[in-house]
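**Student:** Sequence:
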Amino acid sequence: MYWKLELASPPDQVADHTTGPSTSGAAQLVNVVGVFKSLLCFLIPMATAMAELCPNSQTDEQIVKKRRISDTNSDDPTSRFPDHVLHSIFSYLKSQDLFTVRLVCKNWHRNTPSYFPLEFEESIFFENTPTTPSNVIQESHNKFLEWIRSSLETSQSELKKAEKRVIRVQFERHDNINDLLELINEIDFHEVYLRFGRFNYWIPFIFQSKCLRVVHLTRGGIDKHMFSDETNFVCLEEVELDSVNLSGETLSKFISKCPNIRELKLVNCMVLRSVLLPKVDRLKKLYVQLVGSYPSITDVQVIAPSLQVFHFVHYNRCNVAVNMDIRACRMLREFHLECPTFPVGFDHEHFISDFPHLENLILGPCETSKRVKISSPSLRKLTLMFTQLYNYNYSRKSVVSVPNLCSFQYVGRTFKSSLAPSETRKLLKTIGISLVPHVEKINRAWFLQLRSHLTKLNNRIGLALTIRDQTSFSALGKRGHKLWSISIGRIPTQVVPHIGHLKLDIRFKVPEESHRCLLKYIIDNLLWMSHPNVLTLSMPTSFAAFALGICNEFLISRREDNCCADTQNKCWRHFLKDFKVTELVTNEKEETKKFNFIFTWQLLSSCFA
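Residue numbers (the UniProt record's numbering): 1 to 609.
Do not take every clue at face value.
Claimed, not checked - Below 30 Å or equal to it, Euclidean Cα-Cα: the simulated DSSO-like pairs (lysine-lysine) are: (1) K456 with K503; (2) K224 with K210; (3) K253 with K210; (4) K210 with K265; (5) K164 with K210; (6) K224 with K94; (7) K580 with K429; (8) K94 with K210; (9) K570 with K503; (10) K509 with K594; (11) K161 with K143; (12) K456 with K441; (13) K94 with K161; (14) K160 with K257; (15) K570 with K580.
Hints were generated in silico from the structure; no laboratory data involved.
Keep in mind the model is a prediction, meaning the values are calculated, not measured.
Construct the entire structure; sequences and hints are all you get.
**Tutor:** Here's what the structure looks like:
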């Protein structure tokens, strides 16, 4: 009698953290390690007990040696896992995650399933220009198809040995590729990534491999008649359709034949008018994105009791309100809603009351004339982006009541204190505010209004300003110099004490004389408003020397003998004791320079000593 451990379905936590959008290798590594720390806490005792009961051919000395090694690696909980258990867990990861996982340690590398990727890109065969003869293009296309056929034939032995088989093909033309797709379909690939060169190519079929788990399609079209038979895609777990032509009816039929789908991503599907998913019991992640001059998505209805992540980003030429019904998604934990108009179907007074487990909410702009209240005891992270939720007469009082909030981020043109959450001082330590104002609106009134709202906050504040070249500085002319010559100056209001870190991101590339005036004006007003410990200045490399010279000149010659002789409200120059500048290390590929200005301030009493 013996025990056997089998994972009949992917662990929920592993799937949640490893089937999301692509991230950098470092971020993937952190996600994977975090997943295993939480997953292994309750699997370690079970796996250890089963390993002791499972028969094996190891000698007693080998078992003792293995346990001694395991004890020395106490920091790694996976070292106590039997190899077959760890191997089984890794088998549910995608190929791009396996590449990262196997670099963590020797134990993970040894138990990572083998995979064999094939990648073909037609653009490397020829440069398709208007002057290229059609016969040359066709000949190059035929060579590309023949290259794929020969590669599949010569790789038969490696494909059979591999535990995961992956193929990526990028077509530039779609002539005579149906036969090639049939050949690919005959091989049991686990992951298929196809990118077609044109939108008007209609895909002849969806791959029916017995072990197919991931399908990514870019461009092309899918017709509803493809799903008229009784064929189901039982193993399919992840589908991404990017710029694919399909109707809402076709999408519903397709997903209804995928009973085990866990992640669905729809990006700029031009003819898609509705997303109706009436019964998707295992769907965990849903991403819908439509940005550009496409017709609107008018209806969204999702009945997914296991859905945990839902992103809906919808910008187009028509600001039509979307009819949205996701009330059945009671397990939702992350909700990203970004559209011009607030969707129809939500209760304004009880916006997120249908989601008792919601932890992360991202909203913007969602313009509405009614009062929208955000209240939830489970919410931990809240982000508002260019929000229009509070366009009503009694907007002075905060309508964000989240007692357990740990993170609040705001992005917009300007800031009002009513946008910040109330009664969150226990867990919410810092409020992040990122402003992207119009350059022509940066004046004394703008800074005075900002300071008046920031003084009403009791939390620490991380303030970031992004200045983009949104207007012609030559057009501003003398008016720009006049706007940026008077700071907020001496007023009875004290500095905002909670701002410890300021960030200033300048997006100018070619220096102009007006830039000098604007940069001095912004820094002058920021230092009038607060006495930060650090000011981080970020700018393109081409603008760095110009800006750095201005800042150093402005700060070094900061104090004049009689600048504040006629008033008791001294300017920031009298409080700045010293500063130093350090350059932050950035990626060599980035065309951005970052500098930290570290300030040392003195108290008022010592200033007048």
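**Student:** Evaluate each hint against the coordinates.
**Tutor:** To see whether the hints hold, each was checked on the structure:
1. For the hint pairing K456 with K503, the CA-to-CA distance comes to about 21 Å; that is within 30 Å, so the pair holds.
2. At roughly 22 Å between alpha-carbon atoms, K224 and K210 fall within 30 Å of each other, so this suggested pair holds.
3. A C-alpha spacing of about 20 Å is found between K253 and K210, which places the hinted pair at or below 30 Å, so the restraint holds.
4. Between the alpha carbons of K210 and K265 the distance comes to roughly 22 Å, so the proposed pair stays at or under 30 Å and holds.
5. About 13 Å separates the Cα atoms of K164 and K210, which keeps this hinted pair within 30 Å; it holds.
6. Distance restraint check for K224 and K94: the Cα-Cα separation of roughly 28 Å lies within the 30 Å cut-off, and the hinted pair is therefore satisfied.
7. Restraint check: the Cα-Cα separation between K580 and K429 comes to about 27 Å, which is no more than 30 Å; the hinted pair holds.
8. Taking the CA atoms of K94 and K210, the gap is about 17 Å. The hint holds against a cut of 30 Å.
9. With a C-alpha separation of about 24 Å, the suggested pairing of K570 with K503 holds against the 30 Å cut-off.
10. Between the alpha carbons of K509 and K594 the distance comes to roughly 14 Å, so the proposed pair stays at or under 30 Å and holds.
11. Taking the CA atoms of K161 and K143, the gap is about 28 Å. The hint holds against a cut of 30 Å.
12. As the CA atoms of K456 and K441 are separated by approximately 23 Å, the hinted pair is consistent with the 30 Å bound.
13. Under the criterion of a C-alpha separation no larger than 30 Å, the hint pairing K94 with K161 is consistent with the structure, at around 17 Å.
14. Distance check on the hinted pair: K160 and K257 sit about 28 Å apart at the alpha-carbon level, within 30 Å; holds.
15. Restraint check for K570 and K580: satisfied, since their Cα atoms lie roughly 22 Å apart, inside the 30 Å limit.
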